[in-house]
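Student: Next come the chains, spelled out residue by residue.
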Amino acid sequence: EAQVTQNPRYLITVTGKKLTVTCSQNMNHEYMSWYRQDPGLGLRQIYYSMNVEVTDKGDVPEGYKVSRKEKRNFPLILESPSPNQTSLYFCASRGTGRAYGYTFGSGTRLTVV
Amino acid sequence: QKEVEQDPGPLSVPEGAIVSLNCTYSNSAFQYFMWYRQYSRKGPELLMYTYSSGNKEDGRFTAQVDKSSKYISLFIRDSQPSDSATYLCAMNVISSGSARQLTFGSGTQLTVLP
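Heads up: the protein sequence lines correspond to chains E and S, in order.
So that you can map any letter, position 69 of the first sequence is 69 in the working numbering, and since no number is skipped, the others follow by simple counting.
Just add 1000 to the spot in the second sequence (first one is 1) and you have the working numbering.
FYI, nobody ran anything at the bench for these hints, they're computed from the structure.
Incorrect hints may appear among the rest.
Stated by the list, open to error - As a list, the in silico DSS-like pairs of lysine-lysine whose alpha-carbon atoms are at most 27 Å apart:
no., chain 1, residue 1, chain 2, residue 2
1, S, Lys1042, E, Lys65
2, S, Lys1002, E, Lys57
3, S, Lys1002, E, Lys65
4, E, Lys71, S, Lys1042
5, E, Lys57, E, Lys69
6, S, Lys1042, E, Lys57
7, E, Lys17, E, Lys69
8, E, Lys18, S, Lys1042
9, E, Lys17, E, Lys57
What the hints assert, rightly or not - Derived list of chain E stretches under chain S, where covered just means 3 residues or more per stretch with a C-beta under 8 Å from a C-beta of chain S:
no., segment
10, 38 to 44
11, 105 to 112
We put the CB at the ideal spot given by N, CA and C, even for glycine.
Please work from the sequences and hints to get the whole structure.
Tutor: Here's what the structure looks like:
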């Protein structure tokens, strides 16, 4: 089944403790993105990648890092999480030929205390 | 001002009603216009997309784009309880070396009552 897989689904952590949210897609997509979703603000892009080793900032990149060493994986790294990063996070991917065809993962609900 | 504005609702309608969901935008460069549906505790899923202006119909769903007014709509006919979800509009610009991906509205929460 074609899908984007995120792990973990739920995570509670403490301020300052480094964490990584993994994202993997099995569709050989070139584009991958990370979004956060907050009430009243909708989905905001954190980082995106157009291909292996090619990444760039989205609208809200502060406090996050990403890497794209393999085409299928696009982990999101929070080096020193803070409470304002408590949010619902989504990874998404699409192929180059489908400008509209984004596939989203099921989400990671992160709470930083 | 946000690039994409969407009424958050919530919107409650009786089963069988016609539902109209709308977004306005400010960036005239947007080329693709999409509607995503998001059920509770799930990721958004693409419902419909339109390239440039015009209408597109898919079963009970119709998407409309009016680029002159910078306004897009999603109509749901004969709404069903299973249509209860949050509907997100999204738009993007496709250009060589484009740095931006999707820009979303904040979503409208719809409940269809049996």
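Student: Examine the segment 105 to 112 of chain E for residues whose CB is less than 8 Å from any CB of chain S, and state whether their number is three or more.
Tutor: holds (count 3)
Student: For the pair we were handed, Lys17/E and Lys57/E, check the Cα-Cα distance against 27 Å.
Tutor: holds (23 Å)
Student: Between Lys57/E and Lys69/E, is the straight-line Cα distance small enough, at 27 Å or below?
Tutor: Roughly 17 Å separates the two Cα atoms, so the pair holds.
Student: Would the hint linking Lys1002/S and Lys57/E be met if the CA-CA limit is 27 Å?
Tutor: holds (18 Å)
Student: Holds or violated: Lys1002/S and Lys65/E, Cα atoms, limit 27 Å.
Tutor: holds (25 Å)
Student: Between the alpha carbons of Lys18/E and Lys1042/S, is the straight-line distance 27 Å or under?
Tutor: It holds: about 26 Å lies between the C-alpha atoms, which stays within 27 Å.
Student: At a Cβ distance under 8 Å, does chain S reach at least three residues of the segment 38 to 44 of chain E?
Tutor: holds (count 5)
Student: Holds or violated: are the alpha carbons of Lys1042/S and Lys57/E at most 27 Å from each other?
Tutor: Cα-Cα ~25 Å, so holds.
Student: Take the C-alpha atoms of Lys71/E and Lys1042/S, compute the straight-line distance between them, and say whether it is at most 27 Å.
Tutor: Holds. Lys71/E to Lys1042/S sits at ~24 Å (cutoff 27 Å).
Student: Within 27 Å, alpha carbon to alpha carbon, are Lys17/E and Lys69/E?
Tutor: holds (23 Å)
Student: Decide if the proposed pair is consistent with the structure: Lys1042/S and Lys65/E, CA atoms, cutoff 27 Å inclusive.
Tutor: holds (24 Å)
Violated hints: none; the structure is consistent with every hint.
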